[in-house]
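Enquirer: Heads up: the protein sequence lines correspond to chains A and B, in order. So the first sequence is residues 0 to 361, counted in numbering that gives the first Met the number 0. So the second sequence is residues 0 to 350, counted in numbering that gives the first Met the number 0.
Since the hints were made in silico from the structure, they are not lab data. Since the structure is predicted, the reported quantities are computational estimates derived from the model, not experimental observations. Cβ atoms here follow ideal geometry from the backbone N, Cα and C, with glycine treated the same way. One thing to keep in mind: the hints can contain errors.
Residues from chain A that keep clear of chain B, each with C-beta distances beyond 10 Å, as calculated [what the hints assert, rightly or not]:
hint	residue
1	Val6
2	Gly43
3	Pro70
4	Val143
5	Arg197
6	Gln232
7	Arg337
8	His358
These stretches of chain A come out as covered by chain B in the derived footprint (C-beta under 8 Å, 3 or more residues) [stated by the list, open to error]:
hint	region
9	7-21
10	53-60
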Amino acid sequence: MGEPKPVDLDALMAEVRERIRIKREKGIYGPDVEALMRVPLPGGRRIFADDLQDPLASLAEALDEEVEYDPRSRKPVVGPVITYARKVVISLVRWWMGAILERQERINRLLAAAYDYEGQMAPRFGSRLERLEREWKEWREQEVAANLHSVYFQARFGGDEPVIRRQSEAFVDLYKGRKRVLDLGSGRGIFLQLLKDRGIGGYGVDLDPRMVAEAREKGLEAHEVDALTHLRQVEAGSVDGLYARHLAEHILPGQLVEILRACRRALAPGAPLVFITPNPATLTVGAHTFWMDPQHLRPIPPDLFKFYLEVEGYTDVEVRTFEPSEKRLREDGDSNRRENIRLLNDTLFGDRDYAVIGHAPK
Amino acid sequence: MRVHQFHPTLAPGDAMSNHVFALRKKIRHWGYESFAYAVEAKPGVADVRSYRRLFRDVKPEDLLIVHFSMGSEVVDQLIKIPSRRVLVYHNITPPEFFSGINPHAAAFARLGLRQLSRIAPAFELGIGVSEFNRRALVEAGYEETTRVPILLDWEHFALPPNDAVLARWKGLRTVLLFVGRISPNKRQDDLVRMLAYYRRCIDPEAQLILVGAYRDQPQFHARVVALIERLGLGGAVWFAGSVDDASLLACYRAATAFVSLSEHEGFGVPLLEAMRFRLPVVAYDAAAVGETVGDAGVLLRERDLAETAEAAAMVGEPSALREALVAAGERRVKDFDPEKVGERTRQVLGL
Chain A
0 MGEPKPVDLD ALMAEVRERI RIKREKGIYG PDVEALMRVP LPGGRRIFAD
50 DLQDPLASLA EALDEEVEYD PRSRKPVVGP VITYARKVVI SLVRWWMGAI
100 LERQERINRL LAAAYDYEGQ MAPRFGSRLE RLEREWKEWR EQEVAANLHS
150 VYFQARFGGD EPVIRRQSEA FVDLYKGRKR VLDLGSGRGI FLQLLKDRGI
200 GGYGVDLDPR MVAEAREKGL EAHEVDALTH LRQVEAGSVD GLYARHLAEH
250 ILPGQLVEIL RACRRALAPG APLVFITPNP ATLTVGAHTF WMDPQHLRPI
300 PPDLFKFYLE VEGYTDVEVR TFEPSEKRLR EDGDSNRREN IRLLNDTLFG
350 DRDYAVIGHA PK
Chain B
0 MRVHQFHPTL APGDAMSNHV FALRKKIRHW GYESFAYAVE AKPGVADVRS
50 YRRLFRDVKP EDLLIVHFSM GSEVVDQLIK IPSRRVLVYH NITPPEFFSG
100 INPHAAAFAR LGLRQLSRIA PAFELGIGVS EFNRRALVEA GYEETTRVPI
150 LLDWEHFALP PNDAVLARWK GLRTVLLFVG RISPNKRQDD LVRMLAYYRR
200 CIDPEAQLIL VGAYRDQPQF HARVVALIER LGLGGAVWFA GSVDDASLLA
250 CYRAATAFVS LSEHEGFGVP LLEAMRFRLP VVAYDAAAVG ETVGDAGVLL
300 RERDLAETAE AAAMVGEPSA LREALVAAGE RRVKDFDPEK VGERTRQVLG
350 L
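Could you put the whole structure together from the sequences, leaning on the hints where they help?
Expert: Here it is as structure tokens:
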């Protein structure tokens with residue numbers, strides 16, 4: 000015997016709705032019937048479940064409601080005694096009841112004020128808020144592909160340690176003689192190691208606990224905290240150099256501005272600040288390689304980044320490009336042609352990264 | 000080892016009490032001594048001991064099963080008796096449903112919910128009779144929880160249906176039935192409103208039977224009666240009250256559809272009883288209703304009275320659809336087969 004077929008309830012409900020539609024059309028199911036189905040339960044308040052359908056109106060009513068109690072007993076003979084006893088009890092507990100009621104009244108008023116029931120708050124605000132928060136969180140996770148197995152991603156596309164070291168070396172000299180240089184997004188601690196090797200004091204922060212652990216194993220100082228939180232926590236002027244490699248393209252422009260402001264507070268006067276990020280002025284970067292990391296939010300043109308720093312009050316701001324592309328068109332032929340190919344090479348296969356360098360105002 | 004069960008009140012025809020007695024029968028069948036205790040045993044139930052005896056009867060090696068569906072001072076005392084303790088949660092109707100109708104019941108429900116949380120540490124296991132109830136136990140702070148459905152005992156229906164009841168409803172095209180205490184959470188008022196649609200748009204002769212005690216909620220009952228008058232449905236709704244098994248069986252046999260608009264059920268035994276007696280079920284999906292009905296009834300996701308009525312009409316007419324639904328219902332009942340549930344209970348209780 001085969002598995003019995005489940006009843007097609009969707010089809011049934013479709014038929015139900017069709018029948019209702021026809022009855023509406025024919026006027027069998029009209030406003031009079033609707034009114035019948037909305038007749039409230041006579042003889043007192045609505046059922047609370049119905050009140051919940053329109054909590055705002057019901058709340059206003061409930062807040063103004065008086066609780067009444069009639070202590071009179073109608074029992075023969077013993078009635079007056081019961082009535083008297085009830086009155087005595089009521090007078091005894093009156094002050095206690097009053098205190099409880101006063102507290103409840105206070106809570107009611109506070110809640111009503113907090114929910115602003117006469118104002119803009121809509122019914123089911125809480126559940127809607129919850130849904131929005133959940134959707135927002137999901138959206139953020141989807142935007143940066145948080146569900147991607149980052150281990151595999153790192154293995155295939157992650158930065159090559161010697162390359163990172165070579166790039167970082169070019170900037171170490173900027174921090175000569177500094178005592179407390181902060182590396183935002185310090186990763187495995189390659190830059191911190193370079194600093195240490197040259198006797199420069201430094202430490203890093205990173206969000207990835209595995210990275211932080213790896214850096215610590217090498218005897219470097221690293222903390223698991225996000226950049227902005229940390230910058231706001233440190234004492235003003237206590238950091239005398241700042242380095243952030245491949246951080247800016249992972250955050251939104253507003254967050255970047257916030258970080259630049261927080262850096263200004265944290266940095267000692269004259270302290271250098273370096274941000275390194277992919278260079279979208281090179282078209283193969285801006286149009287292709289930049290997007291090889293789904294966590295990249297948006298490319299920042301060098302001029303814009305420079306402008307951010309200047310607007311936020313940093314001095315001696317300069318842009319330095321580096322890391323030329325491996326591929327290039329052959330520059331040959333006459334001088335005109337060579338000039339054109341060189342221009343094309345610069346546009347298509349120019350430097351892949353750039354650094355924007357500034358100094359905290361003195 | 001002996002197994003003791005406690006619930007503050009045990010009454011005939013009450014799903015919870017039936018569960019206690021069915022469980023006692025099983026446990027005795029497994030060869031253990033087992034007794035039921037109550038503060039109040041209503042007339043009509045036999046072989047129930049006074050809860051005071053628990054303080055003497057329960058030995059440290061015994062198992063004490065506390066059935067919980069209302070607050071009780073006695074439970075606070077019971078958990079001081081050294082023994083293994085398991086709580087079976089039948090759910091407490093949320094106080095909101097009684098607010099403004101029966102302040103006493105609302106306050107009582109609130110106390111019960113607080114007590115449920117307070118006594119959590121005293122139980123080695125919390126059993127929910129539905130997943131809905133099990134989740135409520137988790138929320139109340141129970142660490143070890145599991146779901147074991149209500150143990151149904153079909154044997155007390157092994158009797159002929161009441162002829163008088165059958166005769167009364169014979170030959171009618173539409174007889175809608177709902178079984179459950181008359182109570183605001185069961186929304187008999189909406190069933191009455193739904194009947195107004197039914198008689199105006201489907202069958203002017205349609206009848207509604209409301210089986211269930213109405214003494215607990217006299218205010219609500221009075222107001223539903225007033226609503227019936229207001230809607231001109233006098234004579235179309237029958238409050239059957241608390242009925243015996245023969246009459247209840249007759250109601251299931253006489254009805255054309257079982258309709259539930261209840262907004263709160265901890266399990267919903269009548270849903271399964273209807274299926275068992277080949278009555279198609281149309282039910283609003285709330286609390287544990289959905290998980291009890293499964294795909295063996297028409298589950299309404301929207302609370303629309305017109306749709307409810309039309310669905311009840313569709314499954315009420317003799318058709319292949321009705322037969323399929325009835326067959327699905329009979330299969331669904333087998334999921335709650337007393338043998339299976341009994342085995343599961345035995346395993347969970349470690350007997």
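Enquirer: Please go over all the hints and tell whether each is borne out by the structure.
Expert: Checked hints:
| no. | hint | result |
| --- | --- | --- |
| 1 | Val6 | 5 Å, violated |
| 2 | Gly43 | 6 Å, violated |
| 3 | Pro70 | 16 Å, holds |
| 4 | Val143 | 33 Å, holds |
| 5 | Arg197 | 56 Å, holds |
| 6 | Gln232 | 36 Å, holds |
| 7 | Arg337 | 73 Å, holds |
| 8 | His358 | 57 Å, holds |
| 9 | 7-21 | holds (count 8) |
| 10 | 53-60 | violated (count 0) |
In this structure, the hints that do not hold are numbers 1, 2, 10, in rising order.
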